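There are 6 protein chains.
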Amino acid sequence: MRILVINSNTTDSVTDRIGAAARAVASPGTEIEAVSAPFGLPLIVTRADWLVAGPATLAALAARRGTYDAAVIACFGDPGLDAAKELVDVPVLGISEAAFHAACMLGRRFGVVSFTAALRPMFEECLAHHGLTARCAGFRMGPPFAGDPGRVAEERLDLLAALCAESAEQDGAEAIILAGGPLAGIAPLLQPRVAVPLLDGTQAAVRLAEAMAGLMPRSPRPRRARALTGFAEDVASLYGRA
Amino acid sequence: MRILVINSNTTDSVTDRIGAAARAVASPGTEIEAVSAPFGLPLIVTRADWLVAGPATLAALAARRGTYDAAVIACFGDPGLDAAKELVDVPVLGISEAAFHAACMLGRRFGVVSFTAALRPMFEECLAHHGLTARCAGFRMGPPFAGDPGRVAEERLDLLAALCAESAEQDGAEAIILAGGPLAGIAPLLQPRVAVPLLDGTQAAVRLAEAMAGLMPRSPRPRRARALTGFAEDVASLYGRA
Amino acid sequence: MRILVINSNTTDSVTDRIGAAARAVASPGTEIEAVSAPFGLPLIVTRADWLVAGPATLAALAARRGTYDAAVIACFGDPGLDAAKELVDVPVLGISEAAFHAACMLGRRFGVVSFTAALRPMFEECLAHHGLTARCAGFRMGPPFAGDPGRVAEERLDLLAALCAESAEQDGAEAIILAGGPLAGIAPLLQPRVAVPLLDGTQAAVRLAEAMAGLMPRSPRPRRARALTGFAEDVASLYGRA
Amino acid sequence: MRILVINSNTTDSVTDRIGAAARAVASPGTEIEAVSAPFGLPLIVTRADWLVAGPATLAALAARRGTYDAAVIACFGDPGLDAAKELVDVPVLGISEAAFHAACMLGRRFGVVSFTAALRPMFEECLAHHGLTARCAGFRMGPPFAGDPGRVAEERLDLLAALCAESAEQDGAEAIILAGGPLAGIAPLLQPRVAVPLLDGTQAAVRLAEAMAGLMPRSPRPRRARALTGFAEDVASLYGRA
Amino acid sequence: MRILVINSNTTDSVTDRIGAAARAVASPGTEIEAVSAPFGLPLIVTRADWLVAGPATLAALAARRGTYDAAVIACFGDPGLDAAKELVDVPVLGISEAAFHAACMLGRRFGVVSFTAALRPMFEECLAHHGLTARCAGFRMGPPFAGDPGRVAEERLDLLAALCAESAEQDGAEAIILAGGPLAGIAPLLQPRVAVPLLDGTQAAVRLAEAMAGLMPRSPRPRRARALTGFAEDVASLYGRA
Amino acid sequence: MRILVINSNTTDSVTDRIGAAARAVASPGTEIEAVSAPFGLPLIVTRADWLVAGPATLAALAARRGTYDAAVIACFGDPGLDAAKELVDVPVLGISEAAFHAACMLGRRFGVVSFTAALRPMFEECLAHHGLTARCAGFRMGPPFAGDPGRVAEERLDLLAALCAESAEQDGAEAIILAGGPLAGIAPLLQPRVAVPLLDGTQAAVRLAEAMAGLMPRSPRPRRARALTGFAEDVASLYGRA
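Chains as they are written, first to last, in full-length UniProt numbering: chain A, 1 to 242; chain G, 1 to 242; chain E, 1 to 242; chain B, 1 to 242; chain C, 1 to 242; chain X, 1 to 242.
There's no promise every hint is true.
[Unchecked claim] If you want a taste of the chain C side facing chain E, the calculated C-beta under 10 Å gives, among others: (1) R108; (2) R109; (3) A137; (4) E169; (5) Q170; (6) D171.
[Said to hold, decoys possible] Derived DEER-like restraints, expressed as beta-carbon distance ranges: (7) C/D12 / B/A195: 36 to 42 Å; (8) B/A195 / C/E31: 30 to 36 Å; (9) X/A128 / E/E169: 33 to 39 Å; (10) A/R223 / B/L189: 58 to 64 Å; (11) X/R65 / B/A195: 41 to 47 Å.
[Said to hold, decoys possible] Some chain A residues near chain C, calculated using beta-carbon distances under 8 Å: (12) R108; (13) R109; (14) Q170; (15) G172.
Calculated from the structure, these hints are not laboratory results.
Keep in mind that this is a model prediction, so the values were computed, not measured.
We put the beta carbon where it would ideally sit given N, CA and C, even for glycine.
Please put together the full structure from these sequences, using the hints given.
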C-alpha cells in the first residue's frame, strides 16, 4: 500500500520530520511518500492561511493522482480535507481528524496538549468542526512562545510533561493528543513520563488511512467534468475527470 | 458609503440579479458595486467548489481594495468569508450569515425555504458553522429540480408559497429565509402570500453591512507582510501589506 | 428615521448616558428619542427584576406608538423583548441581542468583558437564550464591586483594559462586548488600548435597528383584539388593536 | 402540608379542573388551594401573554403569602416561575418543569403529545429553557383545532390514543407527557389504552412540590427591601420585605 | 410506603450512613430499608466498577421484590439504574439523578461540590448522561485526597464551606449538590455556612421516590419471560417473570 | 496480529456470520478468532440486556487474555466497552463505535439504515454516548418486523436499497452505516445499488483495531489488584492482576 503524506505548507524540513514520523508506524507493506505543498505559505497559522493552503494541498494530491492508495493531510486544521474527500477516489485523512477519532477509541475523554495557548482557538474550532467537542476533557497549553518552532519540543519537554500530567490527573484525560506541527514525533520521548497513551496526529492518520483503504469501495465515483479557471493545472484536473 | 457585492461564481447574469436586489434596499447614500468572481466556477455547489471559490472571492476583494467601505459575499455558504474578515480592514458579510442573524432579530424561530432538497445539507452545515442551529424551526424544501435555475423561482412560485405556509404554521417560523441563489429577489413577489416576514440574504447583508460599517474601528489593524506563492497577484497582495 | 431607545429602569441619569451613546453612532438622518421606563425599578439585577421590567418596557413602547420606525430596549438582558417583537409592528431590538449578533459578524469568536463577576450568570443565560453560546470565546470579569456603578467604568479602566487583553490573547476573542449598563459609552476610551474591535450594546442596537427597519414588511400584521386587565392603559392598548 | 395551585389565567372553570386533578394525587395530609390569576388574560398563548401572566401569577403568590408550604404554577410554559423561585421562600414548581423532570425519572426518553401542532413551538421553547431537549423522543401533535378547548380532550380521545401509540412505538418514548391545559385530567382515561406511563403536569407538580418542601431549608433567605412602582400592591409587597 | 435504599457497594458502614440520611427526610408514613449489594466491590470508582455494580444492584432489587413501593440506588453514578427502570415495576431512582433534578427545581443553575477533583470526570459523565449539563454552573472540587474516606467530610469541612461559597458567589449557583458517598449526611452541618440550599443525593432521592410512587400506574407492565444464564438466581428471576 | 471478535450474545450462528465478515476485510497477517459470550442472553435488545451482556463480554475477554493483540465487541450498542478499555491492555473496539468513527472519516455526514424502526432509540442513544450525533444526517428505518432475524437482510433487500437511496439523496448522507446484527455481511450485496460507501460495523472495527494496535503503548498499565465477588472467575481475574 502506498500512502501520500502532504505537508500543507512549503517548508521541506517540516516535511522530512513528518515523513519520518509516518514511516515509524506504517505497517510492513506500506510505502510512505511525504511531499510539501507545491506553493502557498511556509507556515499555516490563520484562517486565511488555512483557506489558501487548501488549493495547495489539492495540487499536491492531483500531481500524484493514481500513485497512492490513501492520503494524509499533515497539517493541524486539515486544510482542503472536505474538498479532497469529494474530489479524490481514495481515502484522504487529516491529522487532526485522525487524532480526534483515534483518541476517542482509546478512552472516553481525551486531552489536548500543546506548547502555546495561541493555538487553542484554532484547535477548538477544528475540534468543533469534527463534532467531537464533547469528548474533549480540556486543553492544557503553554505560555506564549516566540522562539524557533523547530526547537520548541525539546526546549519545552519538561513543561509538556507537566501539562500532560495535569491533563490526566485534573481533567481526567484517558488519552492525550500532542497537537501542533512542532510537536510531531516527540510522543516517544514523552510517553515514558506520562501515565496515559499519547497520540501523534500524523501517526494516527497513517494507521487509520491504512484501515480505511480496506473499507472503501474500489470503483471510482462517477463525476461530471467541470471547467475550473484561475488555478494551477493540477487543481483544475481534479475537476476535469470524465 | 460604497459596498462591494461579490458574486463568488463567474456567471455575470447572476451578478446582475444580485446587484439589483442589493440596490433595492440600500440606503439613499449607499452605492452598490456588484462584481463576479474573476475566475473559478460558473456555479458553486459542493464543498470543493466552496473551497476554490474562496481565493476567487479574495481576488475580487483585493482587486478593488480601498474603494469600498464594506463588502458582501453574495453566495450562499459564504466562501472565503472567514479569511476575508481577517485580511480586509472593512466589514465583510456573507449572505447566509446575514440572513441568519437578521432572521434571529425578527423572531425567536426562523424557517428556511428553498426549491430543492438537494441544497439542504449545505444549508445545514452553513447554519451550524454560524452556530445558530438552535434558532432554526426547520427546513422546507421542494423536490429534486433538473430545470433551468434561472427560471425555477417563477416556475415554482406556488410551491414556494405552500412551503412558506408550512414553515409558518407547522414549524412555527416567525421569519423565513428564502435560501439559494436562484431565489434572489423573489421575496417581494411572495411576501403578499406569506404571513411572516421573508428574508433575502443579499438584501439582509447589504443593510447589515451598512450597519457594521458604522461600528468597526476605522484604523487598519497592523499586519506582518508574508509571502504567498501560487496565487494571483491580487490575492497575494492581501498578504503583502506593510 | 426615528428610533425609540428605552432604558428599562427608572433612572434618568442612565437614560441620558444611553441616549448620548445612541446618538454618537446613529446615521445622519436618524433621530433618537431616549426614555426611561415609566414605572418599575431603578436598577435591573435579578430574574424577578427582569420580569417586572418587561411590562414597564412595553408601557414605554405603547405610550409612543406610531412615532418611531424602530425601537431599542437598552437594558442588558433584554426585558420584554420577545413580547415586544410580537406586539409592535416595527423592529424592536435588545442591546444584548444586538451586541451578540454584531460581534458574530466581526469575527468567529467574541469575548465578553465586564467589571464584576456578579453579572456573569445573567450574561450567560442571556447568551444561551439567544442561542449563541458556541460563538463565545469566554467571559473575563472583574472582582466584586460595591461602589457607585456610575463611576465604575472610569475607576476600573485599567482593569478593563487588562481583561480585554486577556480575552483577545488567551481566549482568542476577535471582538469584545463591553457588557453591563455602567460600561455604556466607554468603548471609545478603551479601544486605543485593545487590539480587537470593542462593541457597545446600545450602539450596536441602534445601527442594527436602522438596518432592520429597511428589511421588515411595512404592512402591520393583523391581530385579534384581546382584553388584558390589571395593567396600565398603555400596556393594555397593545392588546386592544383592531 | 398546604400547596397553593395557581392557574395563571383568569378562567375559573379551568382553575376548577386543575384543582380536581391536583387533589386526585395529593398525599393524605396535603391540602390543595387552587386559585385563578387575579388579573391578566383568560387564555395564555403567545410569548407576550406569557410575560404579562408573570406579574399576575406573582400577585396570586403574594396575596396568600404565609399560608402555603409550596406552590404550583399551573400553566404550561411556567409564567413567572424563575421570578417566583427568587421572591418566595417556599418551593415553587411549574407544571411543565415538573412534567419534564418526572418524565425523566420514569425513563430515558419521554414523548410529548398534544391535540394541536400550534402548541409545539411553545412546548419546544419551554423544554429548551429547562435544558432537557435531549431527553425528549419527539412531539406528536394533532391537526389545527378551532373548536371549544374545554371539549377537545373528549372529542379527540381516539386521536390522542393514536398519537401516544406512535410516540411509544415509533419514537421510543418510555413515558408520555400530555401537554396543554385542555388535556388536564384526562390521563386516567387514556392510560388503559397506552403501554407506557402517562404524565399530567399538574399532578406531577403537586407530588414533586410535596417532595421539595421536605428538602429546602426552612429559614427564609434575607433580602434587601426595594421599591417597585406601577404594579399591584401584592406584587410590590414581594419586593418590600425586610 | 416502603422504600428500598440500595448501597451498590458491599461496605455495610456506608450503608448505615446512607440509611440514616434517608430516614432523616422520609415522610411520616414511609419506612426505609437500607441494604448493601450482595456481592461486587467494596468501593465503586471506575467505569468497570460501575458496570459490575449493576448486576449486584439488580440482585438486591430482585431479592426483595414485592416488599417495596419504590427503590433508591444510593451510589453516585447510578449503577444499574436504566436496567432497573426496565425490569422493576415500581419507581427506581438514582441518587445522582435525583440530586440533579431536585437542584433544577430549586434554581436555574446548580453547582457541584466535592472533596477531590478525582471524582470530577465521573460526575461530569453522569451529568451528561442525564442530559442536564447545561443547567450546571460549574464544579468546585478539593485537591487529591489519600486519607480515610469515612473521615474526609469532617476533616475538610472548612474547605467544603469555602468551595460552596465560590460556587454560589463566582459561578452563580442557586443550589449546590454535595456529591460523592463520603459526603452523605453532612449537608445539615454545612447549610448554616452556605447562602444557597445544599442537596444530599440520598435525601433528594427518597423524597422524589415518594413523589413518583404516587404518579406511576400500578398495574405491572407485561413482559415476556427470557432465560438469562451466568448470573445469580435473583438477577435471572427479574427476566423470568410471566 | 490476532484479533478476538466477541459476539456479546450466546447465539453461535450469529458468531459464525460475524467471524466471516471479519475475515473478509482482515489484513493478510491478521488472524481472527470469533467467540460467543460464555453466558447471558441469546439476543441483546433492551438496556437491561445491554447491562448483563457487559460482564458476559468481559468474561470472554478474560478467558483468552494474552492471546490477542486487539479485540472487537461485535454487538451494536457496544456492551462492556468502557469497562473493557479500562481492564484490558490491548485496544478494544465496539462495532458501533467503529462504524461511527469510520463513517466520519469517509464524509461529513453519515446516514444510519436498518430494517426496523424498533432499533432506532437504541442506535440514537449509542450515537449520543459516542458524542457524534451532530455528524449523523438521519436515520432511515423499515417498518416493524416480526419474522426471522436471520433472513431479514435477504427478505428486505429491496427495502434496504430504497432506504439507502433516501439517506443519500434526501438526507445528504455521504456514507451509510448498515446497523443491527441481522444486517452483518450484506454490505457487498447492497453496495452496487447504492451511490455512497456502505459500512459494516464488524468490518470497520476489525480494520480500525488493526490500526489502533500499532498506536497504543505496549507496556501494560499498572493496576492495583482488587477483590471482585459474585462473578465468574474469568471476570474477577481482570480485577486481580498485580
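Taking the CB of A/R223 and the CB of B/L189, does the distance hold inside 58 to 64 Å?
holds, 59 Å
Interface hint check: C/D171, Cβ to nearest Cβ on chain E, cutoff 10 Å. Holds or violated?
Because about 8 Å separates C/D171 from the closest Cβ in chain E, which is inside the 10 Å limit, the hint holds.
CB of X/R65 to CB of B/A195, is that within 41 to 47 Å?
holds, 43 Å
Hint validation: C/E169 versus chain E, beta carbon distance must be below 10 Å. Holds or violated?
holds, 8 Å
Within 36 to 42 Å or not, the Cβ separation of C/D12 and B/A195?
Holds, since C/D12 and B/A195 (Cβ atoms, about 40 Å apart) stay within the stated range.
Holds or violated: is there a CB of chain E closer than 10 Å to the CB of C/R109?
Holds - the Cβ of C/R109 comes within 10 Å of chain E, reaching about 6 Å at its closest.
Closer than 10 Å between Cβ atoms is the bar; does C/A137 clear it against chain E? Give me holds or violated.
holds, 7 Å
Range hint 30 to 36 Å: satisfied by the CB atoms of B/A195 and C/E31?
holds, 31 Å
Regarding the hint that A/R109 lies at the interface with chain C, is the smallest CB-CB distance below 8 Å?
holds, 6 Å
How about A/R108: closest beta carbon in chain C under 8 Å, or not?
holds, 7 Å
Against chain E, is C/Q170 within 10 Å by beta-carbon distance?
holds, 6 Å
Quick check on a hinted range of 33 to 39 Å for X/A128 and E/E169, using CB atoms only.
Cβ of X/A128 to Cβ of E/E169: about 36 Å, so the range 33 to 39 Å holds.
Going down the numbered hints, you'll see the structure goes against none, and every one checks out.
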